[in-house]
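Chemist: Chain A is already provided as a structure; the job is to place chain B on it using the hints.
Protein sequences, first through last, are from chains A and B. Throughout the first sequence, residue numbering follows numbering that gives the first Met the number 0, covering 0 to 141 in sequence. Throughout the second sequence, residue numbering follows numbering that gives the first Met the number 0, covering 0 to 321 in sequence.
Hints were generated in silico from the structure; no laboratory data involved. All the pointers check out, no bait thrown in.
In silico DSSO-like pairs for lysine-lysine, Cα to Cα no more than 27 Å straight-line:
no., chain 1, residue 1, chain 2, residue 2
1, B, Lys49, B, Lys63
2, B, Lys303, A, Lys72
3, B, Lys303, A, Lys120
4, B, Lys207, B, Lys64
5, A, Lys128, B, Lys303
6, B, Lys64, B, Lys202
7, B, Lys303, A, Lys26
8, B, Lys63, B, Lys202
9, A, Lys124, B, Lys303
10, A, Lys36, A, Lys93
11, A, Lys26, A, Lys36
12, B, Lys303, A, Lys93
13, A, Lys72, A, Lys93
Just a sample of chain B residues kept apart from chain A, beta carbon distances all over 12 Å, derived:
no., residue
14, Glu37
15, Ser45
16, Pro110
17, Ala121
18, Arg195
Idealized CB from N, CA, C, for every residue including glycine.
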Amino acid sequence: MQVAKYNLLPVALLYLLGCSSGAPTAKVEGTVTLDGKPLSDIRVLFQPENTDAKVAGVGSFGLTDSEGKFTLKLSDSESLGAVVGPHTVILSDKLAEDPEDSDAGGMANVPKSRIPARYAKTPLKFEVKAGEVNQAELALTR
Amino acid sequence: MRIQSQRRAFTLVELLVVIAIIGILVGLLLPAVQAAREAARRMQCSNNLKQIGLAVHNYESAYKKFPPGNITDGPCCGTPSHTAWSVAILPFIEQANLDATYNHSLPLEHPDNAFLREQNLATYNCPSDPVAGQLLEPASGPRNGQRWRTSSYRGMGGVAWAPAGQYAYRRQWDSSDILNSECPVDRKGIFHWTGRINGQVNKFSSEKFGTISDGTSNTLMVGEYMTMTTPRRTTFWAYSYTSFVLSCMTPESRTLIPDYSLCAAQGDSNPCKRAFGAFHPGNLINFVRCDGSVNPLSPTLDMKVYWALSTIAGGEAEVESF
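Looking at chain B on its own, in the form it has when it is part of the complex:
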């Protein structure tokens, strides 16, 4: 006859201890897993920028000049959209078939070009941007109820200029606004407006390697912009009207955060429409420079450094990457 031994089982306390230990381990692991996922997304975002940089360089090799920032004809507001840097480089990001559907003689608002403007291009979407790749109606301009495809990357137009310090009258490099005043040419960015007024080609034409006198590695080309608040102010890759595929530099930190409404709550909304910003840890923003290198910038960077990086020929002192 067997002697009845103590029953083998877990007591309540032992069970709770095990659960607590598992809880601690999961608690330690989860932030690391989430951080690794975000790191992978950020790598994808900067890889897209690398592709864009290469495509722009291949465009330059083919045409001996950079693509135009954007082309909209006539004085501001509601002017029809023609090509933009992001549309012009389509054949160089293996989208030649999509480019073939584009009727260049008609503005992008025309029904014939609906297929192009609604196309979702993975290369233009940063996976950290939850708003990218959607069909939304842009917040302003000649879109007239149409829905366009959102994306994440904007070209650098240049440094906005406020005549006599009138901050509400900042001239922006993404429209014919820059012709209305003696906007200093040394504030020009790589992708500024090159449209027409009264059928005349204006004095600002597409840039070449030779006109980037600050050095290609010291000049920003394309960067990220995304916002969850006011998503209709996010980036739209084919909507070349003013501030949807181009941004301009304003020396204020609020224009480097991925939150349109928070930026607009702090002042004039026009610089917020031309902002850069991304949902990466520390709000770091990936930029591809004119030499094809991809580097992040922090919203905490000094505005003089950001200014110097934004212009192609400002003659500012050399700026190292950091």
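Here chain A stands alone, though its shape is the one from the complex:
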């Protein structure tokens, strides 16, 4: 029928307008272990590194569960994955965070971070590859 064909046109146009392009991303999941034991409640932050371009891409974040497993989401949109390319991996202990109402770091009495300090001085690196579910096995040692 003629009418239906014409009414579908604007809908199709809107779909075309809605398309957007961004930096290529790939799914990343993995585990965090310390001396072979899984670590829960660890913040995993992947921060893209500059290679040639000045635009490195937005970072990704995840939180480990009781089995030390995490899945990364993009920092700005919460959609799954991380930008393809080399990343610096920043690990921090959720249980060692200052409470929200303390305005400066280190004011509250919080437990010591379970992440050994040397991983902050020389952070781990991870290369996110396109077109696959990347497995990030972050095996820490004391």
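Modeler: Relative to the frame of chain A, chain B by itself:
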């Protein structure tokens, strides 16, 4: 006698076709109109930054030094607010009469200074920020139930420092926190804390053109911050207490999005309180640099570039604008 001709009228199908064509045209036009409106708002936002940059330069000409980032006296938390960069430049953005109402010997929390802290200044509001220009109670500090005026622009304090990688113990450049440790001086930004502890002026004083050794065009001065989630964590132009008129750089993308709650869901909340971010297409954030130029930064920029732009004397390699 006239022959009855076919009646001139639209059939249902013709009518629907016309409606469909109008629908398509409106559908094509509306996004363009909305984009043009946002482009105009963004231009207003960067024009405000240009005015702020000029005012800071005029302040420097008058006093031979830059305004202080903020002045709060005593060790962290709940310290009374004195002046800040945004209050100090009032006479230079044609607000000399407002500045005359400010009793400098009293903190901004004092009832005598209520007129100043509640004043809505158009130059400090970015039209893309729906939270700017409201009276809200800031989320923390000595505000004690008072409502302060929200705004959109924050000064760059410097690069936060975590001793021995203890991320929960980041030292921030907007309070006396930076005195509690051997916070590296090469992380200093243009508008850092210059308050007093025990009545003594601390080692960090206001900056001068000569101390910006990285070059004025490679150093960020003031940028936008706005958030719809947790609006009490947005910018308050006269509230000089720690993180409401100043932000600090943390090398994580989450501190460059205009969403406090989303940032805080991803880690320690202290870097989120010192974030930059704006509701422009692509989440671009307008910054005025120390040379007075206004450039946008994207949250996708490399953190080494952002770091180098945030310090006044880090000695990092030259960084071009992009």
